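If you read the protein sequences in the order shown, they are chains A and B.
Using the working numbering, the first residue of the first sequence is number 13, and each one after it goes up by one.
Using the working numbering, the first residue of the second sequence is number 26, and each one after it goes up by one.
By construction, these hints were calculated from the structure, which means they are not laboratory data.
Check the hints yourself; a few may be wrong.
Partner residues are not named here, just some residues of chain A that face chain B (Cβ under 7 Å, in silico) [as the list claims (entries may be wrong)]: (1) Gln53; (2) Gly157; (3) Pro162; (4) Gly248; (5) Val251; (6) Asp266.
Bear in mind the structure is a predicted one, so any value in this text is a computation, not a measurement.
All C-beta atoms in this analysis are idealised placements derived from N, C-alpha and C, irrespective of residue type, glycine included.
Here are the chains, one letter per residue:
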Amino acid sequence: MRYYKFQGFAFLIPILVIIGIFYAMIIWDVFAAFTHWQGLQPTWRFAGLYNFLRLFQMSRFWVNLRNNLLWLLLFIAPTFLTGFVLAYLITNLGRGEAILRQIFLFPMALSFIITGVLWAWMYDPSSGVINSVLKAFGFNTSKLGWIALPKTAIYCMIVAAFWQYLGFALVIYLGAIKGIPYEMVEAAKVDGASHWTVAFRIIFPNLGHATLICTTMLAITTVKVFDLVWVMTRGGPGVSTEILPYLMYRLAFDSRDLGMGAATSIVILLFSAAMVIPYSLWALNKWVRT
Amino acid sequence: MRKFVNLGITLLFGVLFLGLVGIALAQEKENEFIIFHYWTAGGEKEAIDALFELYQKRNPGVKIVENPVAGGGGETMLAVLMSNLAAGMPPDSFQDHQGNQQKDYIDAGYLEPVDDIWAEANFEARINPMWVKTLKFGGHVYSVPINAHRTNWLWYNKKIFDELGIKPPETYDELLEACKKIKEAKPDISPLALGTREKVWSTYLYDMVLLTTGGPDFYEQANTGKIDFRNDPTFRKAMERYAALIPYIYPWHATKSWDEAGALLKTGEAAMYWMGDWVLGYYLSIGMQPEVDFSATAIPKDIWMGHADTFPLPKGAPHPNNARDWIRMCTTPEAQKAFNLIKGSVTIVNDVPPDVYPDPYRQRSAHDLRTLRAVCDGFHGGMITPAFGSELMDILTRFLVDQDVDAAIQAIAEAAERTNLAEACSWFWEQ
Numbered sequence: 013m014r015y016y017k018f019q020g021f022a023f024l025i026p027i028l029v030i031i032g033i034f035y036a037m038i039i040w041d042v043f044a045a046f047t048h049w050q051g052l053q054p055t056w057r058f059a060g061l062y063n064f065l066r067l068f069q070m071s072r073f074w075v076n077l078r079n080n081l082l083w084l085l086l087f088i089a090p091t092f093l094t095g096f097v098l099a100y101l102i103t104n105l106g107r108g109e110a111i112l113r114q115i116f117l118f119p120m121a122l123s124f125i126i127t128g129v130l131w132a133w134m135y136d137p138s139s140g141v142i143n144s145v146l147k148a149f150g151f152n153t154s155k156l157g158w159i160a161l162p163k164t165a166i167y168c169m170i171v172a173a174f175w176q177y178l179g180f181a182l183v184i185y186l187g188a189i190k191g192i193p194y195e196m197v198e199a200a201k202v203d204g205a206s207h208w209t210v211a212f213r214i215i216f217p218n219l220g221h222a223t224l225i226c227t228t229m230l231a232i233t234t235v236k237v238f239d240l241v242w243v244m245t246r247g248g249p250g251v252s253t254e255i256l257p258y259l260m261y262r263l264a265f266d267s268r269d270l271g272m273g274a275a276t277s278i279v280i281l282l283f284s285a286a287m288v289i290p291y292s293l294w295a296l297n298k299w300v301r302t
Numbered sequence: 026m027r028k029f030v031n032l033g034i035t036l037l038f039g040v041l042f043l044g045l046v047g048i049a050l051a052q053e054k055e056n057e058f059i060i061f062h063y064w065t066a067g068g069e070k071e072a073i074d075a076l077f078e079l080y081q082k083r084n085p086g087v088k089i090v091e092n093p094v095a096g097g098g099g100e101t102m103l104a105v106l107m108s109n110l111a112a113g114m115p116p117d118s119f120q121d122h123q124g125n126q127q128k129d130y131i132d133a134g135y136l137e138p139v140d141d142i143w144a145e146a147n148f149e150a151r152i153n154p155m156w157v158k159t160l161k162f163g164g165h166v167y168s169v170p171i172n173a174h175r176t177n178w179l180w181y182n183k184k185i186f187d188e189l190g191i192k193p194p195e196t197y198d199e200l201l202e203a204c205k206k207i208k209e210a211k212p213d214i215s216p217l218a219l220g221t222r223e224k225v226w227s228t229y230l231y232d233m234v235l236l237t238t239g240g241p242d243f244y245e246q247a248n249t250g251k252i253d254f255r256n257d258p259t260f261r262k263a264m265e266r267y268a269a270l271i272p273y274i275y276p277w278h279a280t281k282s283w284d285e286a287g288a289l290l291k292t293g294e295a296a297m298y299w300m301g302d303w304v305l306g307y308y309l310s311i312g313m314q315p316e317v318d319f320s321a322t323a324i325p326k327d328i329w330m331g332h333a334d335t336f337p338l339p340k341g342a343p344h345p346n347n348a349r350d351w352i353r354m355c356t357t358p359e360a361q362k363a364f365n366l367i368k369g370s371v372t373i374v375n376d377v378p379p380d381v382y383p384d385p386y387r388q389r390s391a392h393d394l395r396t397l398r399a400v401c402d403g404f405h406g407g408m409i410t411p412a413f414g415s416e417l418m419d420i421l422t423r424f425l426v427d428q429d430v431d432a433a434i435q436a437i438a439e440a441a442e443r444t445n446l447a448e449a450c451s452w453f454w455e456q
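Take the sequences, apply the hints, and build the full model.
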């Protein structure tokens with residue numbers, strides 16, 4: 013038995029080393045956030061909260077934080093709700109399900125880079141397909157800048173991400189709905205419940221775990237939409253579509269202010285921890301109970 | 026028994042690993058020349074290949090190892106380079122600019138002086154004094170520039186200009202006048218093209234208004250943080266002149282990259298384009314005829330503004346002799362000519378005659394660089410620091426949308442303070 017344990021650990025060593033490096037880097041990053049590290053060479057001079065104070069004084073940081081919150085609010089709820097409604101409709105469809113599921117899942121196979129390029133082309137105010145179609149129908153498109161206007165750019169990007177992640181939410185809900193005992197739905201229908209009632213009062217409340225997984229995954233996605241920002245707008249116009257990871261990159265590698273870049277990454281770390289911890293607690297709770 | 030098998034497997038992997046490390050170390054010792062650059066697009070690639078060919082002729086036994094990292098603006102290469110330098114694994118040379126762009130590497134102790142190569146080639150006497158000013162740090166030089174890109178060019182659609190009878194502008198006022206005329210005659214097109222998908226191009230217009238409003242000395246002071254941004258009347262005037270241009274700029278500039286914005290001249294959606302001379306290669310490649318479809322004019326005509334690409338010598342380069350020979354080769358007129366004829370830029374050295382270039386624009390650029398007062402452009406030329414430049418382009422792309430002069434001046438002043446612009450640029454005035 014002891015021998016068995018030893019072997020088990022021996023096989024885990026490579027992965028433990030990799031995870032160890034990963035955590036060591038996070039610790040390194042925390043240290044770097046409290047130093048005066050500017051330029052290319054590390055300077056391990058303790059700076060206290062200097063980097064954080066400078067960061068919080070930048071109006072740009074608050075624009076970034078607001079954008080991250082906008083992503084949270086406007087991306088997650090529509091995506092999982094639409095995903096749920098579509099999943100419900102598709103399960104009632106019968107044979108068409110297999111095809112539709114593939115169609116909705118297809119964008120998930122694309123990377124954010126491709127989605128970004130595609131949608132940036134579509135949104136292009138002078139030659140993009142959206143304005144061209146609108147123009148063909150006789151609309152005046154001279155004021156429709158989409159991602160070229162600071163006021164609308166971020167919403168346009170959220171729509172692109174919504175398009176990509178809808179299939180993900182749909183598949184999760186499809187699987188979860190199939191796990192619900194059919195008798196429950198039958199009984200409700202016998203009692204004369206409408207589709208709406210069945211969907212939102214019977215099925216949805218029974219999909220708590222799916223919703224939790226879905227929202228958590230989508231929340232994590234909002235923290236890493238870096239690539240979409242990079243490809244579609246590079247944070248522009250101005251800084252209006254920047255999100256925190258993008259700011260971190262700019263500070264660390266363009267401004268060569270590694271200290272502030274590290275401070276930004278700590279904010280991101282806390283931000284994502286706040287989103288993942290509820291899920292982890294729930295998962296842990298479930299694991300302890302079983 | 027099983028224990029022994031496990032031990033055997035572990036040992037086997039250990040030996041394999043050591044072997045790999047050994048091979049890697051042995052390769053280090055090989056006769057190579059390792060270079061980082063981001064000239065991977067058409068035209069650029071051929072230019073650096075011409076240099077490689079020349080180098081191979083001088084050093085037949087040396088294997089050239091390129092690490093071309095695709096990605097245009099070079100930011101990806103920079104991130105890779107930074108980690109390699111920090112890890113003490115520098116290449117033999119890499120593509121760099123001058124001024125503050127290079128100074129970060131020197132401050133970090135990553136570069137080694139090449140004073141002897143400059144002296145040997147009598148390099149200082151063969152180039153415009155501006156280059157010396159932006160390549161010498163504390164009396165030492167660390168690199169050799171290979172080319173000179175002029176950036177105070179205004180490219181224009183010749184057909185539109187001929188049709189409307191507009192004289193190519195040579196001052197800011199004439200430029201604004203031309204914008205007004207074009208807008209009046211053709212309200213559907215944008216007089217001035219611009220692409221700020223890469224935000225850095227917003228700083229090119231900034232350089233132009235600084236230069237045309239205050240002259241070259243003011244320009245150098247402003248870009249090195251020696252003026253009081255908040256209260257300087259000339260600076261305010263420059264920003265007002267920038268704002269005055271904004272209504273004539275292509276409105277969806279945020280969605281265009283520099284080449285897409287340049288193409289607006291071809292489609293006739295825009296009439297003029299403020300851009301460095303690398304756009305010439307692009308225009309030729311999309312089938313535009315020089316002096317038929319497009320032409321160029323310098324603003325202001327009596328200043329040459331631009332920047333160089335340089336090859337520095339990293340400290341601890343794995344093959345220092347090969348690296349030094351590369352840098353030595355770059356001082357020769359043959360290497361400069363071979364590279365620049367293809368690259369679309371002109372030679373740094375004055376001993377290549379201007380008439381070797383096939384187009385009138387580079388002939389003029391080469392001639393002007395020999396004879397006129399020259400200044401480095403702000404961002405790529407390393408007049409401003411990368412830290413300030415990064416903030417400046419964010420401020421300016423916002424300014425391009427809201428046109429708020431006061432807010433922009435305030436933000437620029439704050440950014441200059443936060444990044445210690447004046448202190449960081451003091452080296453420029455110390456020589």
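To see whether the hints hold, each was checked on the structure:
{"no.": "1", "hint": "Gln53", "verdict": "holds, 4 Å"}
{"no.": "2", "hint": "Gly157", "verdict": "holds, 6 Å"}
{"no.": "3", "hint": "Pro162", "verdict": "holds, 6 Å"}
{"no.": "4", "hint": "Gly248", "verdict": "holds, 5 Å"}
{"no.": "5", "hint": "Val251", "verdict": "holds, 5 Å"}
{"no.": "6", "hint": "Asp266", "verdict": "holds, 4 Å"}
In summary, the structure agrees with every hint in the numbered list given earlier.
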